[in-house]
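Student: Residue numbers (my numbering), protein chains in the order written: chain H, 1 to 300; chain C, 1 to 419.
Derived from the structure by calculation, the hints contain no laboratory data. You may find that some hints are simply not true.
[As the list claims (entries may be wrong)] In silico PhoX-like pairs for lysine-lysine, Cα to Cα no more than 25 Å straight-line:
hint : chain 1 : residue 1 : chain 2 : residue 2
1    : C       : Lys87     : H       : Lys130
2    : C       : Lys357    : C       : Lys347
3    : C       : Lys315    : C       : Lys147
4    : C       : Lys237    : H       : Lys130
5    : C       : Lys220    : C       : Lys283
6    : C       : Lys205    : C       : Lys403
7    : C       : Lys181    : C       : Lys237
8    : H       : Lys130    : C       : Lys147
9    : C       : Lys67     : C       : Lys403
10   : C       : Lys147    : C       : Lys347
11   : C       : Lys359    : C       : Lys348
12   : C       : Lys237    : C       : Lys220
13   : C       : Lys220    : H       : Lys130
14   : H       : Lys130    : C       : Lys403
15   : C       : Lys348    : C       : Lys67
16   : C       : Lys67     : C       : Lys39
17   : H       : Lys130    : C       : Lys315
18   : C       : Lys403    : C       : Lys359
All values derive from a computational prediction rather than experimental measurement.
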Amino acid sequence: MDLDALTGCLASSACLVTQTTSGFIIGMLLFLVAVGLTLIFGVLKVVNFSHGAFYMFGAYFAMTAYQLTGSFALAMLCGAAGTAILGLVFERGFMSRVYGADVLMQLLVCYAFVLIFDDVVRMIWGPEFKSMGMPAAFQVAPLFIAGGVVPPYYLLLIGVALAAAAVLGLGLARTRIGKVIRAAAHNPGMVSALGINTGLIYGGVFALGGMLAGLAGALAAPVRSLTPGMGFSVLIESFIVTVIGGMGSILGALIGALLIGMIRSFGSLGFPLFTEGLMYLFMVIVLVSRPTGLFGKEVA
Amino acid sequence: MTRTRKPGVSRRATLAMMGAGAVTFATPWVARAQAKTIKVGMPTILSGRVAQLGTSSRNGVTLEVEKVNAAGGLAGRQIEMVIRDSKGQPQEAARVARELVNTDGCEILIDAEASSGAFAVHEVARDLGVLCIHTNSETSSLTADPKQHIPNAFRTARQGVHDSIVGGSYAAAIAKAKGLKKWATCSPDYAYGRDTTGEYVTYLKRFAPDVEIISESWPKLFQPDYTEVVTKILQAKPQALYSCLWGGDLTSYIDQANIYALFSQMEVFAVNMADYTALTVVKNLPKGIHSGNRYIKTYPATPENAAWGDAYKAKYNEYPTNWSWENATAIMLLAEASKKANSADGKKIAEALRGLKIKSPFGADGTVTMRAEDQTLVGYAIGWGTTIPQEPYVPQVQAGDWKTVFELEAEWKKSKGYT
Numbered sequence: 001m002d003l004d005a006l007t008g009c010l011a012s013s014a015c016l017v018t019q020t021t022s023g024f025i026i027g028m029l030l031f032l033v034a035v036g037l038t039l040i041f042g043v044l045k046v047v048n049f050s051h052g053a054f055y056m057f058g059a060y061f062a063m064t065a066y067q068l069t070g071s072f073a074l075a076m077l078c079g080a081a082g083t084a085i086l087g088l089v090f091e092r093g094f095m096s097r098v099y100g101a102d103v104l105m106q107l108l109v110c111y112a113f114v115l116i117f118d119d120v121v122r123m124i125w126g127p128e129f130k131s132m133g134m135p136a137a138f139q140v141a142p143l144f145i146a147g148g149v150v151p152p153y154y155l156l157l158i159g160v161a162l163a164a165a166a167v168l169g170l171g172l173a174r175t176r177i178g179k180v181i182r183a184a185a186h187n188p189g190m191v192s193a194l195g196i197n198t199g200l201i202y203g204g205v206f207a208l209g210g211m212l213a214g215l216a217g218a219l220a221a222p223v224r225s226l227t228p229g230m231g232f233s234v235l236i237e238s239f240i241v242t243v244i245g246g247m248g249s250i251l252g253a254l255i256g257a258l259l260i261g262m263i264r265s266f267g268s269l270g271f272p273l274f275t276e277g278l279m280y281l282f283m284v285i286v287l288v289s290r291p292t293g294l295f296g297k298e299v300a
Numbered sequence: 001m002t003r004t005r006k007p008g009v010s011r012r013a014t015l016a017m018m019g020a021g022a023v024t025f026a027t028p029w030v031a032r033a034q035a036k037t038i039k040v041g042m043p044t045i046l047s048g049r050v051a052q053l054g055t056s057s058r059n060g061v062t063l064e065v066e067k068v069n070a071a072g073g074l075a076g077r078q079i080e081m082v083i084r085d086s087k088g089q090p091q092e093a094a095r096v097a098r099e100l101v102n103t104d105g106c107e108i109l110i111d112a113e114a115s116s117g118a119f120a121v122h123e124v125a126r127d128l129g130v131l132c133i134h135t136n137s138e139t140s141s142l143t144a145d146p147k148q149h150i151p152n153a154f155r156t157a158r159q160g161v162h163d164s165i166v167g168g169s170y171a172a173a174i175a176k177a178k179g180l181k182k183w184a185t186c187s188p189d190y191a192y193g194r195d196t197t198g199e200y201v202t203y204l205k206r207f208a209p210d211v212e213i214i215s216e217s218w219p220k221l222f223q224p225d226y227t228e229v230v231t232k233i234l235q236a237k238p239q240a241l242y243s244c245l246w247g248g249d250l251t252s253y254i255d256q257a258n259i260y261a262l263f264s265q266m267e268v269f270a271v272n273m274a275d276y277t278a279l280t281v282v283k284n285l286p287k288g289i290h291s292g293n294r295y296i297k298t299y300p301a302t303p304e305n306a307a308w309g310d311a312y313k314a315k316y317n318e319y320p321t322n323w324s325w326e327n328a329t330a331i332m333l334l335a336e337a338s339k340k341a342n343s344a345d346g347k348k349i350a351e352a353l354r355g356l357k358i359k360s361p362f363g364a365d366g367t368v369t370m371r372a373e374d375q376t377l378v379g380y381a382i383g384w385g386t387t388i389p390q391e392p393y394v395p396q397v398q399a400g401d402w403k404t405v406f407e408l409e410a411e412w413k414k415s416k417g418y419t
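Isolated chain H, as found in the complex (with noise of 0.2 Å):
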């Protein structure tokens, strides 16, 4: 414990920037995984336990797409489209036999899919770990805002995860489809009756929670390494962050992500060995006190 470290950083404008930085960046990285899984049960009533393979995919199309083109953007879209194209499928040709189905047997089947998954990224890509490296455009000085430091990347990176959330909120709340989504969670049997075809609105919002995931695995690519089984660890803390926020819970998904960044960020300075055991002490207290989670009682 280094109760001095944390004082001091809280009473620097420097430290402050750059933790509050590095927690937004762990946070949005956590909440793009998160809100795919939040959304997925919150809809489909699955926990999806596969769900850090399409973080994994997005990853290794991403830098795939980036060695054959030399384009970043065309590296995002190709980890993004090609985990909901992923996602769709897998929907479609495995989870729909489960849905209404024992959780251990769903669990069962997704845990499966994770070994396949990793043994199929080992196939095609080979055990060794990969790094997709920094595009160009980004390899330049960090900024210095109050004395702390910002890298540009980091920058971008928050940005579109802060557009993701938006444009999803804003999407569930005001659209037509974003209604029909909502009315499918809460009453998938009236939906069906009036005529909607909620197979497809089931494999939509798989897609939607594979291409979040893959989106933020992507980027994550330039300053991780890939290796299969990467998104075992990312999976469990967005699990950690999905009953922090509330399943279900879309806001819930980014409070809770934003917390567990700030708690590791901050933590690593005022408690450097207990920095993973503050995350799991804040999900028990969390718990305790409100066992459906913070913002448990809305669904998406």
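With chain H's structure known, arrange chain C on it following the hints.
Tutor: Leaving out everything else, chain C in the frame of chain H:
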């Protein structure tokens, strides 16, 4: 009176069958010893973030086994490698090692595990009594601590304390010349990371007593995100940073630290940087990182080392790693020990290994020695230099002095209560 013979198996035949059965079941080693091939089991990490190093261990072994087999094998018996994936998990490494001996009939183990798994395999070797050569674990205590010692286990890997003595004295000279007094450390949170960092700091302070460690970071092994670690180091504003991160963790860290321009704000000493696995994977390799040599074909600067690196590249289309030479050395030593003992028996090879000195492309003076007292490798080339982003990556390497290493290592062992 006539005796009638009962139908069925005679008493003599029954006794003969029982005897044969007893021999077969009670002494499987007889059957093994007479087998033409000798199976050598190798648990290593073939999946996950450090799979590239595990694969390079397998390649290093395979390259040498082919040479040994072409020359007649171990005392006339061809080596058959049985290589299994431990996934980098200690419990899996121990299970695989046990299975390799008990089920697959392996008579020798090459323990190509990181330190996280090597201690688990060491206990299996202790239990089964099989000849075991640790090839990748660099945690000094594995062979330095007498409590760990077993007569059937050897090590052909570097040791953290050797690296730290050479690295500490190299860094101290730079610290004194450039006035680097405030230092930070960032190393993985497990045996190798903790031990090696502690040893490095000990020798850095010994040679440069003004040095002060103002920040320590211990990210967990295979952590995906180092952002909070990078910003913590930036906050501390050290003048220099030491790290023994390695493999995919090191490349991830470099990619993330690069965009914070960390490498331009302090001198960085990363012991595991100068290995092709990191040098070639990192896309934007920073210039001027100080590193110990891991495997580079230009150090030691001898035709033998360059030829070995080129032969490996010709076969596998990539350069070897630090783990490649450490594993290749295990096979080179096995072959020489078997010749000396004129036997492929594990116990006889173990006897021959103690104190064995062989010619080696990786030796500081062209040879390496399996030191008898702690059954660990000494005399391999250790040096430090700074990186450039293209070949030869570390153009000038300052050689470590083994005389100093031996003196300070003996002191270190004494301070630890190991002697």
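Student: Next step is simple, just say for each hint if it's right about the structure.
Tutor: Verification of the supplied hints:
1. With a CA separation close to 17 Å, the supplied pair C:Lys87 and H:Lys130 stays within the 25 Å bound.
2. A hinted pair counts as satisfied when its Cα atoms are at most 25 Å apart, and C:Lys357 with C:Lys347 qualifies at roughly 18 Å.
3. Only pairs whose Cα atoms come within 25 Å are accepted, and C:Lys315 paired with C:Lys147 is rejected, the gap being roughly 41 Å.
4. Restraint check for C:Lys237 and H:Lys130: the C-alpha separation of about 31 Å exceeds 25 Å, so the hint is violated.
5. A threshold of 25 Å between alpha carbons decides the hint, and for C:Lys220 with C:Lys283 the separation of about 24 Å falls inside it, so the pair holds.
6. Straight-line distance between C-alpha atoms of C:Lys205 and C:Lys403 comes to about 20 Å, which keeps the hinted pair within the 25 Å bound.
7. About 11 Å separates the Cα atoms of C:Lys181 and C:Lys237, which keeps this hinted pair within 25 Å; it holds.
8. A hinted pair counts as satisfied when its Cα atoms are at most 25 Å apart, and H:Lys130 with C:Lys147 does not qualify at roughly 39 Å.
9. As the CA atoms of C:Lys67 and C:Lys403 are separated by approximately 33 Å, the hinted pair breaks the 25 Å bound.
10. A distance of roughly 21 Å separates the Cα atoms of C:Lys147 and C:Lys347; the hinted pair therefore holds under the 25 Å criterion.
11. A threshold of 25 Å between alpha carbons decides the hint, and for C:Lys359 with C:Lys348 the separation of about 21 Å falls inside it, so the pair holds.
12. With a CA separation close to 22 Å, the supplied pair C:Lys237 and C:Lys220 stays within the 25 Å bound.
13. Restraint check: the Cα-Cα separation between C:Lys220 and H:Lys130 comes to about 20 Å, which is no more than 25 Å; the hinted pair holds.
14. Of the pairs offered as hints, the one joining H:Lys130 and C:Lys403 is violated, with about 40 Å between alpha carbons and a cut-off of 25 Å exceeded.
15. For a cut-off of 25 Å, the pair hint linking C:Lys348 to C:Lys67 stands: about 22 Å separates their Cα positions.
16. A distance of roughly 16 Å separates the Cα atoms of C:Lys67 and C:Lys39; the hinted pair therefore holds under the 25 Å criterion.
17. For the hint pairing H:Lys130 with C:Lys315, the CA-to-CA distance comes to about 21 Å; that is within 25 Å, so the pair holds.
18. Among the hinted pairs, C:Lys403 with C:Lys359 is consistent with the structure: their alpha-carbon atoms are about 19 Å apart, no more than 25 Å.
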